[in-house]
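Turn these sequences into a full structure, and let the hints steer you where they fit.
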Amino acid sequence: MGLFRKNFGLLAFAAALGLAPLALPNDYYINVLILCCFNALIVMGLNLLMGYAGQVSLGHAAFFGLAAYTTAISTATLGLPIPVGMLAGVAVSAAVAWLLAVPTLKLHGNYLAMATLGFGIIVSIVFNEAVGLTGGPSGFVGIPRLKIAGFTFTSDKAYYFLSAAVLWVATLVSRRVIGSRTGRALRAIHVSESAAQAMGIDIARHKRFVFVLSAVYAGVAGTLYAHHLTFVAPSSFGFHFSVQLLTMVVLGGMASIWGAVAGAFFLTSLPEFLRMFEEVDILIYGGLLIACMMFMPSGLAGGAQAIARKLKAGVRRG
Amino acid sequence: MADLLEVRNVSVRFGGVQALSEAALTVRQGDITSLIGPNGAGKTTLLGVVSGAVTPTGGTVRLAGQDLSGLPIHLRAQAGVVRTFQNLEIFSNMTALENVMTGAHMKAGYSMLDSLLHTPRFTREEKRLRELAMEKLEFVGLAERRDALASDLPYGEQRLLELARAMASGPRLLLLDEPAAGMNNKETAGLGTIIRRIRDELHIGVALVEHDMELVMDISDRITVLHFGSVLAEGTPKEIQDNPDVVAAYLGED
Amino acid sequence: MFAGAPQYLISGLTVGATYGLTALGFTMIFNTTGIINFAQGEFVMLGGMLAVVLQKAGAPLPVAIMLAVAVTALVGCLIERGVIRPVGRTAPVNLVIITIGISILLRGAVMLIWGKDTFALPPFSGSAPLAILGAAVQPQSLWVLLITLLLLVALKLFFSRTIHGKAMLACACEQKAAALMGISVDRMAMLSFGLSGFLGAVGGAILTPITLTSYDVGVMLGLKGFAACILGGLGNPFGAAAGGLILGVLESFGAGFVSSAYKDAFAFIVLLALLFVKPTGLFGGPKSDRV
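Chains as they are written, first to last, in numbering that gives the first Met the number 0: chain A, 0 to 317; chain B, 0 to 253; chain C, 0 to 290.
Derived from the structure by calculation, the hints contain no laboratory data.
Any given hint could turn out to be false.
Per label pair, the in silico range of CB-to-CB distance [what the hints assert, rightly or not]: (1) Gly57/C / Glu278/A: 35 to 45 Å; (2) Gly64/B / Pro82/A: 52 to 62 Å; (3) Ser159/C / Phe294/A: 52 to 62 Å; (4) Ala4/C / Trp97/A: 47 to 57 Å.
Residues from chain A that face chain C, not an exhaustive set, calculated with beta carbons under 7 Å [to be verified]: (5) Val249; (6) Tyr284; (7) Met292; (8) Met293.
Simulated crosslink set (DSBU-like; lysine-lysine; CA at most 35 Å straight-line) [stated by the list, open to error]: (9) Lys185/B / Lys311/A; (10) Lys126/B / Lys106/B; (11) Lys277/C / Lys105/A.
This one's a predicted model, so the numbers in the text were calculated from it and none came from an experiment.
Even glycine gets a Cβ: it sits at the ideal position worked out from N, Cα and C.
Shown next, in the form of structure tokens:
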């Protein structure tokens, strides 16, 4: 029973992901679901970094974009097999994160925010200006549709199930990282770096690990995104997207895996349901960021968690 | 008994201020050595030199003969030097049990792969860590509070939690920086008992910085008195109490 | 090969002056509250956009600019009073997120009201270029430099001669001490937001005749203003202004001699390099515990 209860969330999530397409009025919405999966993937990584380890990043759109462009260039320009391109995409994101982590994660708070923001903008300028490589502002066309071991993901439904499966595995990985000593070390670093060090935790190594891990999540999402849309443009990987990701993390709740999923699904699908407010979405993001921080700084999930913990502690004592 | 910690000729400058000059400190295996002195005498700085938080301009720090100079904080912790903090540094985002399990970070014998695959080794080791942490919580009398969020605990219990967390890391030398600060008399007496048991039952060396003289005189085996960054006197509590220099230094302050 | 140098220098100084004013705004708020205001660039945008709108509505140019500046300063005060103060003391990350929220809210509001077009403002005194040291200098450049210089002198006097100016520096050093001296930290915080709104808006209004403006110019200007802050050493007001000028000139020379396509990237490469190597800035001390 313990095993079932412990994994209830994951099982329910698998069921929800599997059944979601049935609940859609038409197949157009399957594309929205696919985007939800991509964003949830990035936000989950970002939440490991921000929510658990307490390291802010305002440049995560760049890791998403680096992977997308790398696989685009590898497959469409260089003609490499798709799996190779995708691996290369994730590897480039991870490698850039690894290099960036060394100097960046020594910085705290405001400085870290600005450094990651500056990094994001530099990458976005390169996407725009390296026209020969990226196609420039008008975008990169002709990325092949995903094909693995002879199977081409032609239907959107097939692509959705693939994306959902990847998201589910990422959720499992996140939960297991968090549930290990590494997860505890990350949460310790969030609150007190000096105490974490005093417990023998190598904080530089742990920060770099979680930074690279979050870049890998963004990278996986980026490669899936590129081979789904078959077209990428720099505007998808700019500052605006980094802010959207941040809003998803904050709304869902820092330090909550389910919060990350909820925040990403909610904010990604919101514009679809609020068609008439198309232009207003920027106001909604701004308003949500402020309102969350003012009135519920730990997000939707944070509130739920606190109540659950109090109940549990009460039961044990009583 | 053998010397566990030997600090020799340690000097520290902060900008233009000489915080420590040629200071020394010895803690023997299974002894409680207190570090006392007027405010600003350099007690916390000296603990910082031992834990690695403060880089001295000169001098040596040895733990059971091993030179710790130049090692970063986390490697000193791995060598067995673990501290608590004057201004509480508990992990407020975790439960009491998780705090102590984090203390046992170094004791976990599994890799990232083990935790991703939930191998038997991972399950076994996590169970062992949990038991170890529970044992430490019981040691300080917080077993009942295992699932309480650390930030929800009252102040005195947070101090004990920090102690339990430090002990879970399996230290050879425990550095306690004003553990009784903010505690009432009853809590302080309880703390004294716990520190004594750390010495008597676990044979861990303790270096204690504390303002509560009653506690210091009660539990210390040896006392080192710092004054303006230098060692003024060193000896048993009795010797220190009878030392005219020490009395003068303290009367001059209070 | 350095034929264009005087030209680049003048245009660099002109844009750099606005970076400097933006950086000064960052510094004011940081010194009094410890907050990095990510909405700082939006103040610059508001200054320019409001001046354009008011001027189009028929206000004479000087009146339009003064009104724009006053409204922006008021917006700054309102932000402090309505959002920052209620939130109170919280983690820096939370404040970063809040000011990001404010910035996109302001940007979104301006976009909804006045659209996504690019707007121009007439120069203050004609557009016939003057020849100085072989460079064709627009009169507006001289206006920008002159006004910036006047503001710097005024601020210098404000900090050294007035009780509020001194109080602002006192807040920076020690909030508790400031409170003991009978200085209201809350009021100083509001004043600092108002003042940085004022500085940003002036920067935006005087630069608009040269660079044009639109709802989204604030992001870049804000970030470059911050880069200027870091360059001059965060917390040092005149270092920030100098940082702005240096950054403007670097950028202008970079665009002229290296690559104009990557013009915007220079500021951020400088920013990253500085953060990694010397986060206390060119004029900062060896160590800062605020990092």
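So, going through the hints one by one against the coordinates:
{"no.": "1", "hint": "Gly57/C / Glu278/A: 35 to 45 Å", "verdict": "violated, 28 Å"}
{"no.": "2", "hint": "Gly64/B / Pro82/A: 52 to 62 Å", "verdict": "holds, 55 Å"}
{"no.": "3", "hint": "Ser159/C / Phe294/A: 52 to 62 Å", "verdict": "violated, 42 Å"}
{"no.": "4", "hint": "Ala4/C / Trp97/A: 47 to 57 Å", "verdict": "violated, 40 Å"}
{"no.": "5", "hint": "Val249", "verdict": "holds, 6 Å"}
{"no.": "6", "hint": "Tyr284", "verdict": "holds, 6 Å"}
{"no.": "7", "hint": "Met292", "verdict": "holds, 5 Å"}
{"no.": "8", "hint": "Met293", "verdict": "holds, 6 Å"}
{"no.": "9", "hint": "Lys185/B / Lys311/A", "verdict": "holds, 30 Å"}
{"no.": "10", "hint": "Lys126/B / Lys106/B", "verdict": "holds, 12 Å"}
{"no.": "11", "hint": "Lys277/C / Lys105/A", "verdict": "holds, 12 Å"}
Against the hints set out earlier in the document, violations occur for numbers 1, 3 and 4.
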